[in-house]
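*Asks:* Kindly produce the complete structure, drawing on both the sequences and the hints.
Each chain, letter by letter, is given below.
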Amino acid sequence: MASTPVRRSNRRFPLILAVLVVSAQAVLAGDVLIFEDFEKLSLTQLPPGWGLREESELAVVEQPERGKCLRIKARGGSWPHLYVELDPAKVAGKRVRLSALVLLPGEFAAVPGKRWAQPKVQLQLKDKNGADSDAEQTPTQKTPTWQLLQAALNIPEQAQKVTALLRVDLAAAEVWFDNLCVETDPNGPPPQMGAGIAVAPAKVDAPTAAAGAVPPAIAPEKIATADVSHVPSRTLAGSGVLFDGNIAARMQKELAASKALRNSLLIVGPGQPVSEFGKPPRDWALLAEQKPLCGPTTNPRTLLTLLPEALETMRPEIVVLVADTKPGRRAASSEADDWQDVIQLCLRLGAVPLLAISLESTEDGWEELRGPVLEAARNTVCPQLELKMPQTHARRLNEAVRLIEEHVLGRALSGPAGEAELQDE
Amino acid sequence: MKRACCAALLLLVTAAASRAETAWRPFPDLPQVFFYDDFEGGSESVFEKGRIVKNATTGNSSAYELGATDWSVGDRIVWGVGHLSRLPLKMPGGADPNLISINFMLWSDDPGVLIVKLFHPRGDYEVAQRIQKANLWTPVSVPIMELRNGKFRPEADHACTKLEIQVRPRDKRLPTVYIDNVMICMGNAAQYQQRLQTARNQMAAMARNTARDGFSFSQQYQTALKDALKMAGKRRKPRTVLVTGARLNNDVDLITRLTQAAQKQRAGNFTFVAASAPDAVPVAGLQDLRTLLLYNLQKTEAEMVLLVMQPGDYTTADAVSRGLRVCLERTLTSGAVPVVCLPAVPSDASGDVRQKSDALSSAASAVCAKLAVPWIEPGTVLANAPDSFAGGQLSAAGVERLSVLAVQTLRHMDQYVFGRK
Chain A
1 MASTPVRRSN RRFPLILAVL VVSAQAVLAG DVLIFEDFEK LSLTQLPPGW GLREESELAV
61 VEQPERGKCL RIKARGGSWP HLYVELDPAK VAGKRVRLSA LVLLPGEFAA VPGKRWAQPK
121 VQLQLKDKNG ADSDAEQTPT QKTPTWQLLQ AALNIPEQAQ KVTALLRVDL AAAEVWFDNL
181 CVETDPNGPP PQMGAGIAVA PAKVDAPTAA AGAVPPAIAP EKIATADVSH VPSRTLAGSG
241 VLFDGNIAAR MQKELAASKA LRNSLLIVGP GQPVSEFGKP PRDWALLAEQ KPLCGPTTNP
301 RTLLTLLPEA LETMRPEIVV LVADTKPGRR AASSEADDWQ DVIQLCLRLG AVPLLAISLE
361 STEDGWEELR GPVLEAARNT VCPQLELKMP QTHARRLNEA VRLIEEHVLG RALSGPAGEA
421 ELQDE
Chain B
1 MKRACCAALL LLVTAAASRA ETAWRPFPDL PQVFFYDDFE GGSESVFEKG RIVKNATTGN
61 SSAYELGATD WSVGDRIVWG VGHLSRLPLK MPGGADPNLI SINFMLWSDD PGVLIVKLFH
121 PRGDYEVAQR IQKANLWTPV SVPIMELRNG KFRPEADHAC TKLEIQVRPR DKRLPTVYID
181 NVMICMGNAA QYQQRLQTAR NQMAAMARNT ARDGFSFSQQ YQTALKDALK MAGKRRKPRT
241 VLVTGARLNN DVDLITRLTQ AAQKQRAGNF TFVAASAPDA VPVAGLQDLR TLLLYNLQKT
301 EAEMVLLVMQ PGDYTTADAV SRGLRVCLER TLTSGAVPVV CLPAVPSDAS GDVRQKSDAL
361 SSAASAVCAK LAVPWIEPGT VLANAPDSFA GGQLSAAGVE RLSVLAVQTL RHMDQYVFGR
421 K
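Those sequence lines, one after another, are chains A and B. Okay, so the first sequence: first residue is 1 according to the numbering used here, each after it adds one. Okay, so the second sequence: first residue is 1 according to the numbering used here, each after it adds one.
Check the hints yourself; a few may be wrong.
[What the hints assert, rightly or not] Under 10 Å between C-beta atoms, here's a sample of chain B residues computed to sit facing chain A:
no.: 1; residue: Ala-277
no.: 2; residue: Pro-278
no.: 3; residue: Thr-291
no.: 4; residue: Leu-293
no.: 5; residue: Arg-322
no.: 6; residue: Gly-323
no.: 7; residue: Arg-325
no.: 8; residue: Val-326
no.: 9; residue: Glu-329
no.: 10; residue: Ser-334
[As the list claims (entries may be wrong)] Each computed EDC-like pair below joins lysine to aspartate or glutamate, with the alpha-carbon atoms no more than 20 Å apart:
no.: 11; chain 1: B; residue 1: Lys-299; chain 2: A; residue 2: Asp-134
no.: 12; chain 1: B; residue 1: Lys-299; chain 2: A; residue 2: Glu-136
no.: 13; chain 1: A; residue 1: Lys-126; chain 2: A; residue 2: Glu-85
no.: 14; chain 1: B; residue 1: Lys-264; chain 2: B; residue 2: Asp-253
no.: 15; chain 1: B; residue 1: Lys-49; chain 2: B; residue 2: Glu-65
no.: 16; chain 1: A; residue 1: Lys-94; chain 2: B; residue 2: Asp-253
no.: 17; chain 1: A; residue 1: Lys-161; chain 2: A; residue 2: Asp-31
no.: 18; chain 1: B; residue 1: Lys-299; chain 2: A; residue 2: Glu-312
no.: 19; chain 1: B; residue 1: Lys-133; chain 2: B; residue 2: Asp-171
no.: 20; chain 1: B; residue 1: Lys-299; chain 2: A; residue 2: Glu-309
no.: 21; chain 1: A; residue 1: Lys-73; chain 2: A; residue 2: Glu-174
no.: 22; chain 1: A; residue 1: Lys-94; chain 2: A; residue 2: Asp-132
no.: 23; chain 1: A; residue 1: Lys-94; chain 2: A; residue 2: Asp-127
no.: 24; chain 1: B; residue 1: Lys-237; chain 2: B; residue 2: Asp-227
no.: 25; chain 1: A; residue 1: Lys-326; chain 2: A; residue 2: Glu-375
no.: 26; chain 1: A; residue 1: Lys-94; chain 2: B; residue 2: Asp-279
Bear in mind the hints are in silico, worked out from the structure with no lab data behind them. Note that the structure is predicted; figures quoted are calculated from it, not measured. Just so it is clear, CB atoms sit at the ideal spot from N, CA and C, and this is done for glycine as well.
*Replies:* Laid out in structure tokens, this is it:
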């Protein structure tokens, strides 16, 4: 299902791709109202409804390996932005989504007392009573790869004004924007993967993918559901990873289409941090650790409470759920149901769950914690890896992620992740 | 030494007091009364082997007619068995058995022998006495220390499981015997009559049943819910109600109707919030409820949750029981009060839909009853109103009627669980 890498030397490709993306969006998602890749946009002759502020700080510039982009070089203390006013009549009663690729390789000094003062993509709404509301997303600093940012709003009837903005508020920062896209999303929930549709990658952060002009994540991409008849079987007793055709088929069936960031991994759970996981698998980015979702004070109910928000904001493609690695916590009476629902929650919000279980311990109270996790794993049929010897943790994680990538997400492996890498231990 | 004795005594008294505080009683305001049954509650009585009757002898009130035994050969004994173990009662459960008595009214057409018997897990003890007057209601009071079984007799640490009342007739015909107002209490039953009446009136005011009122509630529910809130120890936003499964009808918004119903009932300060996923998609179905309930509870800080069920939620009875139980337990441990609304199905629904709905309702109400969670039976207000359904789903009028009933239920919780007027 992966997007085809595009050679940078082919200068016409972005245009073709944009046309393809717009066509795909028109067919598969809501209506695309605006798609701008800045290849032909002139800031001095903007279309009707478009506008700038702090003109001197905005420019359309050539970005190596990306083509023309909008650059905002904010000197600080100003509000440079590009805005597009949408026709309220066209979006009334619909959900509108704004997205853009953003590059923020440097960092900026925070403005004291103004946490909102930073680069962002933003949707603004003024309703019929004149009340203002907005939705926005900000990029992560010091990220040398393109990030996809999105913001969505439900537009009420008789809205006075709806505006999409690419902006930097007060902070001194240099930011690049590309592939500005505004679309309506009339169907609410994204299409199901089981129907043969998935959402395209969201973030161009993998080295192999970064070389190509990956379309914005909101462009749904047709994928052929991966064939599960040739999925290799892995067992906990053999390779320390549990994976087979049944698991792959179930994951494909249950996984909701999502806006997940391509090749992004989030690790949470009472057993986290597991330092032996080391670096994430090649081409994969490890999302920042969420303190309330990790550590011995966490339990599956904490995950049920806090994980939805984290999944929505961080949009990982795979969530590694690290169950308790040592006794100490008291299990709730419905612990197995809780774990089962955490696994289901990941699937519901478009992330593939990978359960990391520590099976062996002689300490008292261990069975009380281990039993429910195993029961949940049995009931939900999900990929698992066993945390046994620390030196094997990274290898097992790598193997499990590769299996998921190939057989659940339906991507051809980009590197030499062949059988040699996946052999039983 | 004297000081040490005083401290020990004080500790004992405190321990006894705290034990008495936590012990279950049918009337929390009357901790001296362990058990009371006047047989007016219909099927709620714990007595078996006989039947509840209302006749010329008993007047307008109900009494319990003892039934014939199937084990007495020759003797025509009649009996009734009160299963105390079905209640959370521990009796004597630490209280002084010298102070406890079993009291009831008795009517018998035969001046035979009355036998009162108590069972506990390790044995039983009984006392027999002659019935003084036939064909007349007479009070009976038996101090439980009079009950014996050889050298065994009631002790403070016993927890009685059954109370048996038998009458062995003098004549060789089956006697007719009624009992009424059975009370196990500390001391004399007469001293509690007035306070008992007040407590009973309060209980009657809060009790609701699905057939008559459309939803279930009783003093047991109140106690259980209050205990759960106390254990959770969290303060949530007052009168904020999280509503799951709010899409009953594509054209009618349940949240709007609930808000309107609350305003009409002068309960306008209720806030209703539809449960949703982080991407704003409404929560619908049992699976969604399981995965997203805690997230919504944390986001909204609602103090009540209205779980609206639909026939589509049914997979298997076991899945419903387990799924709903998990959701209700999570709600209670989060410090919120759940209220379950059973599925609304038109009376002319197809056999399959009806069957699924009945199975879902039956499984859901059983779980609710077990966890003392109130539930709403929509059929009470929708069955006799033909315009409640259109095209197999709830019409606007139906949603409105259901909203009114739901708001009545929530107001009831507000008054009797959260103690607000």
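*Asks:* With 10 Å as the cut and Cβ atoms as the points, is Arg-325 (chain B) at the interface with chain A?
*Replies:* Hint holds; Arg-325 (chain B) Cβ to chain A Cβ min 8 Å, cut 10 Å.
*Asks:* Regarding the hint that Gly-323 (chain B) lies at the interface with chain A, is the smallest CB-CB distance below 10 Å?
*Replies:* holds (8 Å)
*Asks:* Measure nothing beyond the straight line between the CA atoms of Lys-133 (chain B) and Asp-171 (chain B); if it is 20 Å or shorter, mark the hint as holding.
*Replies:* holds (15 Å)
*Asks:* So, as I understand it, the hint says Leu-293 (chain B) touches chain A; can you test that by seeing if any CB pair is closer than 10 Å?
*Replies:* This hint holds: Leu-293 (chain B) lies near chain A, its Cβ roughly 8 Å from the closest one there, short of 10 Å.
*Asks:* For the pair supplied as a hint, Lys-94 (chain A) and Asp-279 (chain B), is the alpha-carbon distance within the 20 Å limit?
*Replies:* With a Cα-Cα distance of about 14 Å, the restraint between Lys-94 (chain A) and Asp-279 (chain B) holds, given a limit of 20 Å.
*Asks:* Is the shortest C-beta separation between Thr-291 (chain B) and chain A less than 10 Å?
*Replies:* holds (4 Å)
*Asks:* Sort out whether Asp-134 (chain A) lies within 20 Å of Lys-299 (chain B), counting only the CA atoms.
*Replies:* holds (19 Å)
*Asks:* Should the interface hint for Glu-329 (chain B) be scored as holding, given a Cβ-Cβ cut-off of 10 Å against chain A?
*Replies:* Holds, because the Cβ-Cβ distance from Glu-329 (chain B) to chain A comes to roughly 6 Å (cut-off 10 Å).
*Asks:* Take the shortest C-beta to C-beta distance between Val-326 (chain B) and chain A; is it under 10 Å?
*Replies:* Interface hint status for Val-326 (chain B): holds (5 Å vs cutoff 10 Å).
*Asks:* Would the pair Lys-126 (chain A) and Glu-85 (chain A) pass a check requiring their Cα atoms to be no farther apart than 20 Å?
*Replies:* holds (12 Å)
*Asks:* Is it true that the CA of Lys-94 (chain A) sits at most 20 Å from the CA of Asp-132 (chain A)?
*Replies:* Given that 20 Å is the threshold and the Cα spacing comes to 17 Å, the pair holds.
*Asks:* Measure nothing beyond the straight line between the CA atoms of Lys-94 (chain A) and Asp-127 (chain A); if it is 20 Å or shorter, mark the hint as holding.
*Replies:* holds (13 Å)
The earlier numbered hints are all upheld by this structure, with none contradicted.
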